[in-house]
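*Asks:* What follows is each chain in one-letter form.
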Amino acid sequence: MAFRSLIKLQKVLLPLNTISRSISIMPLKCGRFRSSEYFQGSEHHPDVEVIKNPPEWKYVEHLIGKKLIPQPECKTEYSSGWQPQDPEKYKDLSYFIKRTRNYMLPVYLRITYRGNRRITFIKYIEGDIWKLEQECIDLIKSKTNNNPQYSQINEMNRTIKIKGDYVTLIQKYLYSKGL
Amino acid sequence: MASVKHTTEKALQMLRSLPRVCLANIKDNPKAKKPSKRGRGQHGGDWHGNGQKRWTVLRLGYECSNSPFYLRFKYEPYYQGHHLKRQYPPVTLKMLQLLIETNRIDTSRPIDVASLCSTGLINLCPDQKHFGFQLTDEGADCFKSKVNIEVQHASELVIAAIEKNGGVIRTAYYDQHSLHALKDPKKFFEKGVPIPRRMIPPQDAIEYYTNPKNRGYLADPEAVSKERLVLAQKYGYELPKIESDPSYEMLNETKDPRQIFYGLDPGLVISLRDKCFIKAKE
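Protein chains in written order, with the working numbering: chain V, 115 to 293; chain D, 1365 to 1646.
Treat the hints as calculated values from the structure; they're not laboratory data. Any given hint could turn out to be false.
[Claimed, not checked] Among the chain D residues that face chain V by a calculated CB cut under 7 Å, a handful are: (1) 1461; (2) 1628; (3) 1640; (4) 1641.
[Unchecked claim] Ranges of calculated distance between the beta carbons of each label pair, as one might list FRET restraints: (5) 169(V) to 1557(D): 36 to 46 Å; (6) 1491(D) to 162(V): 29 to 39 Å; (7) 146(V) to 1520(D): 40 to 50 Å; (8) 1555(D) to 258(V): 50 to 60 Å; (9) 258(V) to 1602(D): 56 to 66 Å; (10) 1613(D) to 185(V): 22 to 32 Å; (11) 185(V) to 1557(D): 27 to 37 Å; (12) 1627(D) to 151(V): 26 to 36 Å.
Quantities reported herein were computed from a predicted structural model and do not represent experimental measurements. Quick reminder that beta carbons are idealized off the backbone N, C-alpha and C, glycines included.
Same shape as in the complex, but just chain V (with noise of 0.2 Å):
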């Protein structure tokens, strides 16, 4: 079927872009070095011409891409679950957690010792560490039938691990603080 349909499906495209004229079956010629042409002089290249600003220079800029991490840009709504800081909503709370350099929580899942053991890490905390990891606790023995849960605090480093996968829990509760 393969190439039988391409060579018809080759009628179709054709009008599309006068470069499908060059489609066709050939094995690739001077792959090798060994199998290339020696070079022959300079003057053997072919003539080419230099455009300078043409009009498809937009298109190089796009791939080239951005150099620094943008800005998200503020919407009414973001279906992805992900939101941004709010100020309004964190300046009465006594800690703080800082985003990362991609505008994400860092909350972390760490599975170790083949995926036996599951912790939740978060990063980056500012003020009151005890205060948050006592309010995670909380959330999630509010969850887990008041199970008694393990938890480990950082003070030097401002990091706190709770045992378990609890990462989209604690996302949660910390988008809904404004964090």
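The hints should help you fit chain D onto chain V, whose structure is shown.
*Replies:* Here is chain D on its own, set in the frame of chain V:
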């Protein structure tokens, strides 16, 4: 009797002319080592464990009457040719929506491999048989963007989710050389080589990319627009009219089957420093 020397003096003179004692010229005293003798008696000459055959060297893999390891298990070619199969790393619809909302992808331009790679958050390794991205259906309900996207593989639900929001999706094949150029266009332009032509898909991929149900780039455009309507009826949504859309020009933008970059023809050499194209005269 001056010529007659004392024995001690002779020995000392000899010792002076001899080389110094070192590891190279010392050896054991004679008869200090006893060579081992072949055993006598019932099993004296046997090579224990190797049966009656006293071969000097056993053949490779032979385990002396055990079934050899290389024949012990059946041949189970589950992974035969896995190193040749094309891989398509997944990009979920949720991830795409997040990239759009955090301003990492510009929806006013068509999205392709280059724009996904330029976010710096998704990695593609063409040398590890990655032939582009597949768009998967995670987050199909929360996807709310109007995009013109070109991926390498997409399921029916993904196509429906994109077309429901008034977008356009197309599946297209890129060979590994094109993907290397698309992965980092700046690096490719700096090499100063002409933009190559995109190869046509291999024989086993042509069927996928000519199928209008997969929105293949080689499919008949009329058949594709018919399949858009069929899918809208199947999933029960009203197909937004692209023709009356204000961004119709963007949604209708496509690449030629032999083109790698949008708007740039194969054969061009791009000079980033002088901001010019170098083109061969016909």
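*Asks:* Each hint needs a verdict: does it hold in this structure or not?
*Replies:* These are the hints, each one checked on the structure:
Because the closest C-beta pair between residue 1461(D) and chain V is about 4 Å apart, less than 7 Å, the hint holds. For residue 1628(D), the interface hint holds, the least distance from its beta-carbon to any beta-carbon of chain V being 6 Å, beneath 7 Å. The beta carbon of residue 1640(D) is positioned within 7 Å of a beta carbon in chain V (closest approach about 5 Å), and the interface hint is therefore held. The interface hint given for residue 1641(D) holds, since its Cβ lies 4 Å from the closest Cβ of chain V, which is under the 7 Å cut-off.
Evaluation of the 36 to 46 Å hint for residue 169(V) and residue 1557(D) yields a failure: the beta carbon distance comes to about 23 Å. Separation of residue 1491(D) from residue 162(V) is about 31 Å and conforms to the stated range, judged on CB atoms against 29 to 39 Å. Checked against the hint of 40 to 50 Å, the pair residue 146(V) and residue 1520(D) passes, with Cβ atoms roughly 42 Å apart. Hint check: residue 1555(D) to residue 258(V), Cβ distance near 56 Å, so the stated range 50 to 60 Å holds.
With their beta carbons about 43 Å apart, residue 258(V) and residue 1602(D) fall outside the hinted range of 56 to 66 Å. For residue 1613(D) paired with residue 185(V), a C-beta distance near 27 Å keeps the hint of 22 to 32 Å intact. For residue 185(V) and residue 1557(D), the hinted distance range of 27 to 37 Å is satisfied, since their beta carbons lie about 36 Å from each other. Distance hint for residue 1627(D) and residue 151(V): a CB-CB separation of about 32 Å, consistent with the stated range 26 to 36 Å.
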